[in-house]
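The lines below spell out each chain.
Protein chains: 4
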Amino acid sequence: MADNYRAEYALLAERLTDRGLDVNKIKQRLKDQKIETPSWGFSNAGTRFGTYRQPGAAVSIEEKLADAAQVHKFTGVAPTVAVHVLWDFPNGAADCTNLSAYAKSLGVKIGAINPNVFQAREYMSGSITNENPAVRKQAVDHMVDSIELGKIIGSDVLSLWFADGTDYPGEGDFRRRKAYMLESLQTVYNAMPADMRMVLEYKPFEPGFYHTDIADWGMSFVMCQKCGPNAHVLVDLGHHLQGTNVEHIVAFLLDEERLGGFHFNNHKYADDDLTVGSINPYELFLIYNELAKAEDAPNGNPPVAYMVDQCHIMKSKIDAMIQTIEHIQGAYAKALCINRGKLLQAQKDYDIVTAEVCMTEAFNTDVSPLLKVVREEMGLDPNPLDAFRASGYWERMGKERGDRAGSGGVGA
Amino acid sequence: MADNYRAEYALLAERLTDRGLDVNKIKQRLKDQKIETPSWGFSNAGTRFGTYRQPGAAVSIEEKLADAAQVHKFTGVAPTVAVHVLWDFPNGAADCTNLSAYAKSLGVKIGAINPNVFQAREYMSGSITNENPAVRKQAVDHMVDSIELGKIIGSDVLSLWFADGTDYPGEGDFRRRKAYMLESLQTVYNAMPADMRMVLEYKPFEPGFYHTDIADWGMSFVMCQKCGPNAHVLVDLGHHLQGTNVEHIVAFLLDEERLGGFHFNNHKYADDDLTVGSINPYELFLIYNELAKAEDAPNGNPPVAYMVDQCHIMKSKIDAMIQTIEHIQGAYAKALCINRGKLLQAQKDYDIVTAEVCMTEAFNTDVSPLLKVVREEMGLDPNPLDAFRASGYWERMGKERGDRAGSGGVGA
Amino acid sequence: MADNYRAEYALLAERLTDRGLDVNKIKQRLKDQKIETPSWGFSNAGTRFGTYRQPGAAVSIEEKLADAAQVHKFTGVAPTVAVHVLWDFPNGAADCTNLSAYAKSLGVKIGAINPNVFQAREYMSGSITNENPAVRKQAVDHMVDSIELGKIIGSDVLSLWFADGTDYPGEGDFRRRKAYMLESLQTVYNAMPADMRMVLEYKPFEPGFYHTDIADWGMSFVMCQKCGPNAHVLVDLGHHLQGTNVEHIVAFLLDEERLGGFHFNNHKYADDDLTVGSINPYELFLIYNELAKAEDAPNGNPPVAYMVDQCHIMKSKIDAMIQTIEHIQGAYAKALCINRGKLLQAQKDYDIVTAEVCMTEAFNTDVSPLLKVVREEMGLDPNPLDAFRASGYWERMGKERGDRAGSGGVGA
Amino acid sequence: MADNYRAEYALLAERLTDRGLDVNKIKQRLKDQKIETPSWGFSNAGTRFGTYRQPGAAVSIEEKLADAAQVHKFTGVAPTVAVHVLWDFPNGAADCTNLSAYAKSLGVKIGAINPNVFQAREYMSGSITNENPAVRKQAVDHMVDSIELGKIIGSDVLSLWFADGTDYPGEGDFRRRKAYMLESLQTVYNAMPADMRMVLEYKPFEPGFYHTDIADWGMSFVMCQKCGPNAHVLVDLGHHLQGTNVEHIVAFLLDEERLGGFHFNNHKYADDDLTVGSINPYELFLIYNELAKAEDAPNGNPPVAYMVDQCHIMKSKIDAMIQTIEHIQGAYAKALCINRGKLLQAQKDYDIVTAEVCMTEAFNTDVSPLLKVVREEMGLDPNPLDAFRASGYWERMGKERGDRAGSGGVGA
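Those protein sequence lines, which keep their order, are chains A, B, C and D. Taking the numbering used here, I'd label the letters of the first sequence as residues 4 to 415. Taking the numbering used here, I'd label the letters of the second sequence as residues 4 to 415. Taking the numbering used here, I'd label the letters of the third sequence as residues 4 to 415. Taking the numbering used here, I'd label the letters of the fourth sequence as residues 4 to 415.
Keep in mind that the hints are not guaranteed to be accurate.
Since copy identity is lost for identical chains, a pair holds within one copy or between any two.
No farther apart than 27 Å at their CA atoms in a straight line, the calculated lysine-lysine pairs in the DSS-like style are these [to be verified]:
#, residue 1, residue 2
1, Lys229, Lys140
2, Lys140, Lys37
3, Lys34, Lys76
Simulated from the structure, these hints should not be mistaken for lab results.
Okay, chain A solo, but in the shape it has when bound (with noise of 0.2 Å):
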């Protein structure tokens, strides 16, 4: 049975030419997206109750990359990989040496890097809000080190999560917490090169369990305001509580030209790392419709860094991370297919109804023609993921490289 896709897609491009779209631009937006994928995606992980190792499991930051780059092989947008300085490069710089040319051997480059403040014992009690000065030292050290081997590996955008909090009312004081914070942002922002920016992300929760410092993008964006122009906000899908509209706090942070990037992922209840879009597709294509139309009108908003967060434990890695790139093509695809004349008249005219059909026409429109005609296009198979299978690159690895307890990522 033959894939009739490019049929499909014929009448497909019918369809969006009508709707007054421009079906080559739309094509080459599709080429142009970059996706970054994580190193600490290809290692084991797990949850507080175990983890699960996988046969293959990557556990060097040579094997993650060598990983990574199946991902963008197969897919053509996953060139760059953010790494997390702590699992990677354990001996610090030493690790660094000669990392950017291999990367460039295999095809990719380093992305962000992430500081890590939060598993060495030090930092039991926090990092940066520690009332210890001596522990919030050690923490901005690292961070200012990982500049530096930010430098060497050539990654331009420095990373940051806290996992500051408390378990219990009255465990800290939150004004004294905010203080020691700011101060030590504000360092580390400091020693950031001129061409280097600082995304900082928030949460709500977890594994403070009574209040994170940094809880919501609100109090992100302040302290990056306290910083200077080259702070800017990272949105991690899964850290909103239940109801929060997350296309509007893009939308307004594209607005505030504060909007850094994304760590892409998915949860259904807390913080649950599942692939992007496997719960909600549709607010992934709502986010990347407010995405796609600030591209069509761009302000002072940084360039934005699309970043996949996610540590599968039960999905065969590699398979979840080219699933997740297609997932992200496929919101981003059925945004660029709304038909934005027909919106902003129907919005201006109240004709709620209208309006609310041109978001889901789009929405329902199957892009996997469109997507496989991409792909066509760039050289690359039109299924990455029969594709990536087909190659059997994970079950040569799993023999390989075996068994073996994993060198860092969470829960692991």
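For chain A, the structure is supplied; the task is to place chains B, C and D on it using the hints.
Frame of chain A; chains B, C and D shown alone:
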């Protein structure tokens, strides 16, 4: 620009056949599913902040039936109309004479009958859980009267929702109220003729803000068990706390042969009564996945009543109801596109990515060509919303009926 | 049975002294805190399911002030009354003449002035975010008029809440609406006299069910920043998603010198408008912990406006308002009972159990003897609710005023 | 500074007598309630972000029992210890010989027995819902073995929690899994001796992030019904979605005679396993209100098992457990202070404010003098936490046992 849906359908049919599906059976099931619209969806409605009247909104039950008949005329799958005793029959049985015949003349029938035991001042502190036995009796009598009305108008589903609950800890005694409730429900149940079914709704909050007496499916289930085999749980999609896995509840109730039916709508936060599938269409698809599976392997569950419960405030009412039918059909159609053989195998193999792909490839299928062909085969316009709008009915009603205070409806 | 509260107070005073606290200062602070009641808390109210009228409920602003004066008479700490322009002054300035004098004669004063830009039919699709510039102008004009009224009646706080939002994805454009909103707010801000402050409320949903334009504290904060130094965030306790750490937000805003004030109430689910402290009294205590701490070390934050925003439906209205004042005083009193020296040391030592015990021993302190003595020293009956009930005022009003349709109020 | 608790008690006793309560009976009930501590609460624990070891944390079951015995020694109401088969008896029955005698020598007894069917690699994809019959058999066998262990160590409660669930739509089939689960549970149930009870836990999510097979009390209830009269629902306070009215569920289960017991803890967001009563103490009081009422009018509900389920990471473990017992006793004591006669009358009169005042005056009662006198009468130090700390036990264990990797526990 011609609509190429027939060409699109041809390609889709090939794809579905490739998935091992019988396209003719899919079309037949789409023709067979019937969805009930609510009389109160055609009258004015509001929030606690105010009611916004729409010119042309129906006031009398005759007008509501006429509007509902429009929905059926253009969709072909909405032949019954749920009625609300208090709002539709303010004079009781006197309003019911000839109503069946009138409905028939419009091409529709009366569906579920909904008593109202929350609006009268006597129910300020509750109906069947009221400490005052006279109030409880008044509520029971009204429901028994509704059963009699149901016999007159040919309804075989008694649909029960209770606003009973409390606002403050201490206000009521959960267990004393439970005993009152059970006694009343059993009395009502026993008054039903053998061919009538009771469906019992649950809701976690509102209008009671601290507790409601039937707060979740479990409480409704226990009450149904204690009433008898013709009492079943009614699932209103908006009546769940954030994070609830509704499709799991649906599956559980189907398995226990206690799923009475649905009140279709959607919510992002509380009981928002938005268009079904408008906030999380994937959830609606996953619910239909369970329903479609259950049709393939029926057990002793009663026929599921598919009822809409939406009170549109801002959307044009008939437009919104036609859109609603389209959303429901879309979800059902997509559920029928799942490659069930492949899915079952992937589940047994714990190949999670493949199992999920079976779901997403079905969900991402653009079923609009399929639905257009189905409508065509039913002698309908393939685009019901456009066709209805083109008919000029709503503008005509706006002029003929004008802008009037409503005779019922939530918030009206 | 005599009330031994003086003996209980004596023992309590010893305990507090043992904690290093100055009981006289605590009493003084309890006498000094003023809480504002809302005029709309004395009129009829309802939910979307109906309004339940109470015999004696106030209709005119004069009656509302008279009822509010009762609350102040028996509690001694509620000397001001927030007014609602549309509901209280249907004829605008004409209704305001002599109102200050009338209020004074009752022993109260006018507090915050609340414009209403949501009830008129023109605002069906929004006020300051409306696509129609004429509607935006109407809303801005109403707010500017409200500023003028405020000058007449001696109000120095302009309290703003907007019902603006949407129900469906695609219905509105977040960023275009944001631009409209900012322009309108700045116009209003610039119309204020130098000694007036603007407080700006946020709310995650309702009446818009998909988005509201000022959805969280961060969005309000950014708008305030862009308006100027006399614009501050208003925290309504019911306007947070489940799981939000409200006391953290309060601390953050205090630290940023942007906490304008509160709308006190409580909720278990959505925006339930229940009596403050009735569902989670510990949360209210933790909020007061931040406020009491801030009083000890003032920064440039403006005076915090403590305002009640509750519309009682089932509770007798004046009873409920007196109970509300008692809840607030109780939370404040308990926060003043914290052993701050011990707490600080425990925080620095990361002795979490001891830190928490500092909070719980204060929270578990029965402060009713303290509050009774405070009231006695203020020349009041120690039991305000009992004293008010014994006065027969409410029964008298029920007879004199009777059971009337209300002139305003949420859901009325 | 002397502690005047006896004088405070005397005044409190007067107050309670005024409320129509029998203080001696209250004291007796406080002496009679027994609370079970969990062996795993004394070993190291963590979150998915890491385990933080405490010097002195117990490793062997003997050490855990010794630590639990300290809690009982200082509180007098914690005589039993729940055990966890996998973590406590790695060698099965061999570890159980003489354990009862050893426990007795410490002054404690073995309580509920908890099988573990989630940690072994075989359970990666589920235990009793696994598609593989061999895995299901392994899980059932382990539970049957646990029953045998229970007989040896004198346990009469089999406490079951299942980690079974899925992460993604499509991953599993709800109904096929339900059938597997029921068959397994019935097999285990039938293996119990007549004097053993099964308690069955529910949980809405985690470690499964899309669904868990026993997601709510209703699903647990149905399973218990199908097993038999000795199967009851276990309520873990952290296992509810935001907004759930837990006290209502407790009342409902008591009324249905299916409340098996509790896992005490607290949460602000997800399943945080914080100290019971630390986030919302009023909720704990409202739960105890139902329990205390049920004691006044017993039906056929089995004896309720009061079990703690907390894994303290940051708090000193034995301190935290003693604090936990104090929180539970405080909630119970406050519930016993409710003026039930006045409350009943207010409920019947729909005098909501008075009814609520009955609750709040009890909740605001400082019961610490009462509890101190109770402890004194039991021959205990009135301040168990201070007394334990003064004993030097924990410092001694820190030195003797040292800082060791744990032998079990969540996240360890």
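Consistency of the hints with the structure:
no., hint, verdict
1, Lys229 x Lys140, "within (20 Å within a copy, 35 Å between copies)"
2, Lys140 x Lys37, "neither (35 Å within a copy, 44 Å between copies)"
3, Lys34 x Lys76, "within (14 Å within a copy, 45 Å between copies)"
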